[in-house]
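Chemist: Sequence:
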Amino acid sequence: MCFHEGVGKKYVCVSFDDFDVANFDDPRALRGALNIGKSKSAADIDVISKYKSSAAKYYFHRTKLDILAFLSSKSSFLRYNITPERWLEMRFPKDGKARRDTVRKSFLAMCRPGDALVNLDSSWLPLHERTFSAAKEKGVICYTLVYDLIPILLPQTTHGMMPLIFHKWLANSVDYTSK
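Taken in order, the sequence shown gives residues 1 to 179; the numbers are from the numbering used here.
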C-alpha cells in the first residue's frame, strides 16, 4: 500500500505483511497502523517540524495548535491535513506509549514491473507527476481516476490558478497513465 506522506513530501509504501488487514474495517485503526501523521514522541510533532531550527517558533506553533485543538478549531488544521482530535492524539497519547513503527519504504524502491498504481485522489503537483512517470518507466501499470472536471467545465467556481494547474495536470497525466 502506497500513499503520499504530505509531511515528508514523498510517497512511501507499507507492506501488507507489516500490519493487520483487519485495520481496513476502521479508518482510525488503519491510520494508526500506517502511522499516518504519527510522531515519534509527543514533543516531536511532524507537522511543525519545519520550525525545529528555531526553538521559539517551534514552541510558539506547538502551543498555538494545542490551544486551537482544545477549542476544536477545525479550520486551523486543514493546512496540516489533520483534525484537532488527531493533533491531540499525537501530542497526548492516551496510553503514553509510542505505537509500533510500521516499516516504511520508498515507493519507487518497492514497485516492480507489473505492479498496479491506482491514483484515486488529486495529484496535481509536479512531485506526483515525476513519481508516477518514474513508476511507469519501471513497468508499473498506472491507473488514474478523474472524478471531477469542475476546474475545466466551471473555472469561475474554482480558486486562483486552479483551472490552469488542473488542465496542465490532466494533459500531462496521459504520459504516465496506462488506464
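Think of the hints as simulated: they come from the structure by calculation, not from any bench. Note that the coordinates shown come from a computational prediction; the quantities given were computed from them, not determined experimentally. We put the CB at the ideal spot given by N, CA and C, even for glycine. Where hints are given, some of them may not hold.
Think about it this way: if two alpha-carbon atoms lie no more than 16 Å apart in a straight line, the pair counts; the simulated EDC-like pairs of lysine to aspartate or glutamate are [stated by the list, open to error]: (1) K136 - D115; (2) K136 - E89; (3) K138 - D175.
Pairwise CB distance ranges (calculated) [unchecked claim]: (4) I150 - T63: 17 to 27 Å; (5) M161 - L68: 20 to 30 Å; (6) F3 - S54: 25 to 35 Å; (7) D148 - L127: 36 to 46 Å; (8) A55 - L164: 15 to 25 Å.
Chemist: All hints, please: hold or fail.
Modeler: Evaluation of the provided hints:
no.: 1; hint: K136 - D115; in the structure: 10 Å, holds
no.: 2; hint: K136 - E89; in the structure: 37 Å, violated
no.: 3; hint: K138 - D175; in the structure: 14 Å, holds
no.: 4; hint: I150 - T63: 17 to 27 Å; in the structure: 38 Å, violated
no.: 5; hint: M161 - L68: 20 to 30 Å; in the structure: 29 Å, holds
no.: 6; hint: F3 - S54: 25 to 35 Å; in the structure: 30 Å, holds
no.: 7; hint: D148 - L127: 36 to 46 Å; in the structure: 20 Å, violated
no.: 8; hint: A55 - L164: 15 to 25 Å; in the structure: 40 Å, violated
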